[in-house]
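Chemist: Take a look at the letters that make up each chain.
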Amino acid sequence: MSDPVDEDLQTQYKLRLFITGSTARSARAIENMRRICHEHLHDRYELVIIDVYENPQATKDLQIIATPTLVKILPEPLRRIIGDLSDKERVLAGLDIRPIEAKKVV
Amino acid sequence: MSPREAAVESLSFEQLLARLQEAEETLDAIRLGHVDAVVVGGPQGQQVYTLENADRPYRAIIEQMQEGAFTIQAEGVLLYCNQRFATLLGRQRESLIGKPIGHYFGRGASAFMALLAHAGEAGTGAEFSLVHDSGEMIPVTVSLIELAGDLNTPRMICGVVTDLTRSLQRSHELTAANAQLASEIRDRQRAEAGLQLALDAAEMGYWDLDLTIGDGRTSRRHDDIFGYQDKLRDWSFGRFLEHVVVEDRAAVEKFFGVGRTAPSIEFSCRIERAGDGARRWLQVKGLSYSTPRGPRLSGVVIDMTKARETEEQLRQAQKMEAVGQLTGGLAHDFNNLLGGIIGSLEMIEARIAEGRVAEVERYVDVALHSAKRAASLTQRLLAFSRRQTLSPKIIDVNALVVGMEDLIRRSIGPSIRLEVIGAAGLWSTLVDPPQLENALLNLSINARDAMPHGGTLTIETANVRLDDGQANERDLQPGKYITLSVRDTGVGMSKEVASRAFDPFFTTKPLGQGTGLGLSMIYGFARQSGGQIQILSEKDRGTTITLYLPRNAAAPARIESDRRPLAADIEGAGKLVLVVDDEPSIRMLVAEVLNEAGFATLEASDGPSALRIMEMSAKIDLLITDVGLPGGMNGRQLADAVCALRPTMKILFITGYAENVVVGSGRLDHGMQVLTKPFTMNVLKKRIQQMLPG
Chain A
1 MSDPVDEDLQ TQYKLRLFIT GSTARSARAI ENMRRICHEH LHDRYELVII
51 DVYENPQATK DLQIIATPTL VKILPEPLRR IIGDLSDKER VLAGLDIRPI
101 EAKKVV
Chain B
1001 MSPREAAVES LSFEQLLARL QEAEETLDAI RLGHVDAVVV GGPQGQQVYT
1051 LENADRPYRA IIEQMQEGAF TIQAEGVLLY CNQRFATLLG RQRESLIGKP
1101 IGHYFGRGAS AFMALLAHAG EAGTGAEFSL VHDSGEMIPV TVSLIELAGD
1151 LNTPRMICGV VTDLTRSLQR SHELTAANAQ LASEIRDRQR AEAGLQLALD
1201 AAEMGYWDLD LTIGDGRTSR RHDDIFGYQD KLRDWSFGRF LEHVVVEDRA
1251 AVEKFFGVGR TAPSIEFSCR IERAGDGARR WLQVKGLSYS TPRGPRLSGV
1301 VIDMTKARET EEQLRQAQKM EAVGQLTGGL AHDFNNLLGG IIGSLEMIEA
1351 RIAEGRVAEV ERYVDVALHS AKRAASLTQR LLAFSRRQTL SPKIIDVNAL
1401 VVGMEDLIRR SIGPSIRLEV IGAAGLWSTL VDPPQLENAL LNLSINARDA
1451 MPHGGTLTIE TANVRLDDGQ ANERDLQPGK YITLSVRDTG VGMSKEVASR
1501 AFDPFFTTKP LGQGTGLGLS MIYGFARQSG GQIQILSEKD RGTTITLYLP
1551 RNAAAPARIE SDRRPLAADI EGAGKLVLVV DDEPSIRMLV AEVLNEAGFA
1601 TLEASDGPSA LRIMEMSAKI DLLITDVGLP GGMNGRQLAD AVCALRPTMK
1651 ILFITGYAEN VVVGSGRLDH GMQVLTKPFT MNVLKKRIQQ MLPG
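Residue numbers (the working numbering), protein chains in the order written: chain A, 1 to 106; chain B, 1001 to 1694.
None of these hints come from the bench; they were simulated from the model.
Glycine included, C-beta positions come from ideal geometry on N, C-alpha and C.
Take these hints with a grain of salt, some might be off.
Across the chosen pairs, the derived CB separations fall in these ranges [to be verified]:
id : chain 1 : residue 1 : chain 2 : residue 2 : range
1  : A       : L92       : B       : E1121     : 25 to 35 angstroms
2  : A       : V48       : B       : H1118     : 35 to 45 angstroms
3  : B       : L1079     : A       : S22       : 18 to 28 angstroms
Coverage of chain B stretches by chain A, computed from C-beta distances (three or more under 8 angstroms per stretch; other residues unrestricted) [to be verified]:
id : stretch
4  : 1014-1026
5  : 1081-1087
Taking beta-carbon pairs under 10 angstroms as the criterion, some of the chain A residues facing chain B (in silico) [as the list claims (entries may be wrong)]:
id : residue
6  : F18
7  : G21
8  : T23
9  : A24
10 : H42
11 : R44
12 : V48
13 : P68
14 : T69
15 : I81
16 : I82
17 : D84
Next comes chain B alone, as it looks inside the complex (with noise of 0.2 angstroms):
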């Protein structure tokens, strides 16, 4: 019994029939045709045989791919090939079976062979070219590999063949494409480069910022002139912000403010640079963009600290250059004056000498005019440099201008009519009534001057509100001012001319006419004033000057003239006086006019000794002092000591030019009073009697 048997003797009747069923059913399946393949056992193995139809799908594949293929024999001699394989080469499918297909590989024809020679069951490629039936050379990579088999079976290899001339034309253009590229970013490094250069050479620091989140970018230099040695790797605005002086932020922040919806910014700050802490001025420019992320600002920063101090020179050698043009010009009119004072004085002593004294008075008047000119060019002086004090009072301007009017008809001359019109109700202002007179006055003589034909001059006064747009505009604050306009018919100022009225020394007026100080006087005291002064000018139409000053709300003072004569003697019985100059002759005098009014006198040739002096007598009444005074005490410092030791104490400064030190704003404390050199005895007997009263 064979193991077959054996096996089949120990199943079970229905394992047996089960079995049978099986194999009948597989020998239906196979002779109905329900199958694709067998499987048959052999010495090499498990052999699958195929029916026809189980290969259509590959055939169908091989058929659409976009590769060539092929079968060979060991030899090359070509035993299938798809179509493709055939189009590649264009040529017959049906031309190409049977022949050798190292043929199509033109030179590279022993290569194919060799690498055929060694192509197994692992596969193996190579690139190579194809002639096409045109003589076209097809750049390919063929791939070959061998198809397994029994050993009766004759050795055959399948292959391949992929078409490289489209991937080798994009891989030229994208060789192409990247060395435009390469190029492009190379030119465009030369540009930032070049841009960077004239920057640098600019001295110009390069900014980005972000405006939403405030973070951004910067040059070296930039960096650089914000006082970092090494290259900041964040900047923002902040940061930008804290570099900033206190007293400019609010305005910075602004001008970023506007930044975010103009086209532009451009302005000026001061920062505290890094590292040294120094102070610099910086002038920033930037333009707005805008990005997917949000809005940008971008721009430059340029240290102009040299460029103002430099600035600050020329302003300052201008200014000398103006001061020594001014004094050029007044000292031929003050050694006119000196003339007459001198000749006059020359003459008096003359006619003492040979005993002619009624002759004196002549010359006494004509030396006193002199001075007294002379004194008023000091008082010029000293209101174009805005140094000069004012005793300002609260008057009603109206009256002021009545006063005046005599005056300013006689001044204008009978060709011109003259027009006032005062503001029923006008507010009371604080300012200093002579120098208000002297504006009104130089006012009107310009008018006269503009109109050498006749015409009309009209004074107007009138109250005003400004509000905040208005005041801007003239660079005053808001709220409530009179006006006191001066009108004329006249001949009228171009825009030029208009524009140029108030510099100190313009003038229109023919050489030796005028000294061009006029107008700006008037600008500096209505400054001074709190107030302003504007002008409306049409050619051959008319000028308006208008003088602004601020309402206040307290009752106004009588105006008392200087002009008028001073009363004789002052009562002076009983009161004490403290005379404190350096100069022994001035002591002398003060002391000399006081006593003949019948005061007591002490005097002083400095300060500490005044002070002494002042400790031990405290019965004195008024302090008149010089305001320059050696020993290392001023006129000013003497008179916040004594003040110390006697509050109520009347002072009367003397000064050749009212310092700052001793007015502090330009105001006096009360109490006290400023007499400026030179002045007249009657003067100084008068303002004594202002002060000490009965």
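Chain A extracted, bound-state conformation (with noise of 0.2 angstroms):
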């Protein structure tokens, strides 16, 4: 039987950030998301950032009415969050990850 912390770890993230060029908005949920991912996922994860100017129709296919947004495609369920990322506890929690330190605890 395989442990549920281990299954945890080995579980592979497939991101998706959509932004608008360089506004401050942009670059402060590129650089929170990026935080995010070294503290918490370390390399279980591929984020792949995507300019709605640059590539417009990317928005279509996951449904993008806003930017910035953030997509989790994998693990399922698909998940949007919209906004700066800056709230760190929301973001954890839409990507359904506990914090590292939460499981040490435990």
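Dock chain to chain to rebuild the complex, using the hints, since each chain is given by itself in its own frame.
Modeler: If you want it as structure tokens, here you go:
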């Protein structure tokens, strides 16, 4: 029987962050997302940043209606988080990640 | 039920809850202004509508950049431009908006409008001139791109304008710099070609060597001098040295060693040329200089072979001229002496015919005196040509000086005081005593002539040790020498005279009083004896001439003087002498003298017949032979053959001049002696007595 903690640690995250050019909010969203990935996902993730100016059609498939928006494609279920991602707890909850510190206590 | 309702229907309660939460979050974010843009799907695809603040960074970039930027309608009416574009035109930005942009392109307006008509989403561009408010034309490139929009929006074009003034200026400067550089290169090439031409004209080869690693480069002429048909790709000191003949290599290496520290080098050496292997004389000159990568030496080589040959020919010609002068001068003396001899002999003949035999002796004396003077003249000539045969003996020079004192005193006269200072414990030396006596007498007479109003003549001997430096200065081997100095308190010599004192025929004496051969003969004698002669002179203070003679550690022999008259006949009884000469009269004379003295004689006219006699008769005690003999065997070869048969055989050479073939290095083998023609019968007898004592 596999350890649920280990299983959690092995989960691969497939993430897309939609931004709009070089606005301050876009920059903040990128910065926040990188930090969260670095602290909680280590090398278990694939993050692609998409500028909707460059690639407007990419918004269609994932039904993006505003930027910045982070999309968790995997693991399912698909989840969208809108805004500059400065509310870390909300982001972690949205991505269905328990903080690593919490796991250590368990 | 619609498809959307059907999709919702299939979701679980939790999934619906999550969707609701996501929708509320999205609405909140939009309502609170937490987004930069909204994306709206439509028939033309997804459209991004940014909020005003999202455009701010681009606005800042457009205003900050060094290019002019504008947006225009399809007809060219200016909708927007940045400050830089207004500055390029030298106008207020506000005055430009709404104006047709073609106006600012001057004569290029229609070309710009044509470009504008074709500007698509892929973009296009061209160079134009903008008309500044001052009337000045500004060179620019203009890039145009059509802004994508929906069908309802009017066509809009963006433009970027780059000022080319500076880059054109830079390019002009570069062109000018290039032209300048090209001209300098041409000048330098011309200078180098000129230099090469000059070197070629001077027949000089150029070389340049790296002193650290030894490699270098050379000119075509240089390689030609070293015998290479084609230009060499590489050259090195090692390769140069391979060409230098073995005898010169050490010296050349030394010169190049000096080149590392000295500013310049110059020397001559011989090389073996590549190809024909000919030996050539080279003159090498070089200057050293330093580079960041180490010291280098650069210079020229000149083939001096032809010049040397010419020089040699000139020297030979000068020698012939000297011989001519000598012959002319001496012919006069000889004729006088011959006159005395012939005259005397005629007188004798006449007196004998008249039966007045008692009166003959006077004429005999005169003839003999003249003949002896002639003999001495030939000796001097031989000494001059350094062909005289020395018969060196180990002697005490002090004793020789004492023996000469009387004669010198008589020669210099009463007005000059003679001082003789013989060093105590003077080393012995190996010299030919009569030659040294001759030299001393000659020097004393010179000293006398330098003191016409009297003075002091000092003859001094000393022992000296010459170290490397002193010996080198005097061109002698380092070691022990004795010196014999002749010092006068006379008129002295100027430097010019002193420097030429040893030159043959150089004399300061009036015509007819000196041959100019004295000092040069003494010089020849000193050098042949392994010594040297040195001259120290000061105008009006006097002259000191010093002979250096090498020390010989053996005990000195007693000096016998040739001037003493010879005691009577020799005891020749029972001794057999073989006389070899191609001249019958000489053979006869010598045999007669020997017979009178009690010797038995055999005669031969050439070498081979003499050898045959030698083989048949084992009793021969002495061989007297002429050096120049016919029949393919000279006197020396005969002597060698005889020595092979009878190693202890005594041999006396008779010769008109002492040839090198006889004496080798100028000295005789043991048991051999030389008698130089002309000689008197008395001398012959005495010599035979010496060789066959008892």
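Chemist: Against this structure, judge whether each hint is valid.
Modeler: For each hint, the structure was consulted:
1. L92(A) to E1121(B): 25 to 35 angstroms: violated, 43 angstroms
2. V48(A) to H1118(B): 35 to 45 angstroms: Taking Cβ atoms as reference, V48(A) and H1118(B) lie about 37 angstroms apart, which means the hint holds.
3. L1079(B) to S22(A): 18 to 28 angstroms: Since L1079(B) and S22(A) have Cβ atoms about 24 angstroms apart, the given range 18 to 28 angstroms holds.
4. 1014-1026: Three-residue rule met by the stretch 1014-1026 of chain B, so holds; n is 5.
5. 1081-1087: violated (count 0)
6. F18: holds, 8 angstroms
7. G21: holds, 7 angstroms
8. T23: Nearest chain B Cβ about 5 angstroms off; hint holds.
9. A24: Result: holds, 8 angstroms to nearest chain B Cβ.
10. H42: Result: violated, 26 angstroms to nearest chain B Cβ.
11. R44: violated, 23 angstroms
12. V48: Hint violated; V48(A) Cβ to chain B Cβ min 17 angstroms, cut 10 angstroms.
13. P68: holds, 7 angstroms
14. T69: Holds, about 8 angstroms.
15. I81: This hint holds: I81(A) lies near chain B, its Cβ roughly 7 angstroms from the closest one there, short of 10 angstroms.
16. I82: It holds, given that the least Cβ distance between I82(A) and chain B is near 4 angstroms, below 10 angstroms.
17. D84: Holds, because the Cβ-Cβ distance from D84(A) to chain B comes to roughly 7 angstroms (cut-off 10 angstroms).
Checked against the numbered hints listed earlier, the structure breaks hints 1, 5, 10, 11 and 12; every other hint is satisfied.
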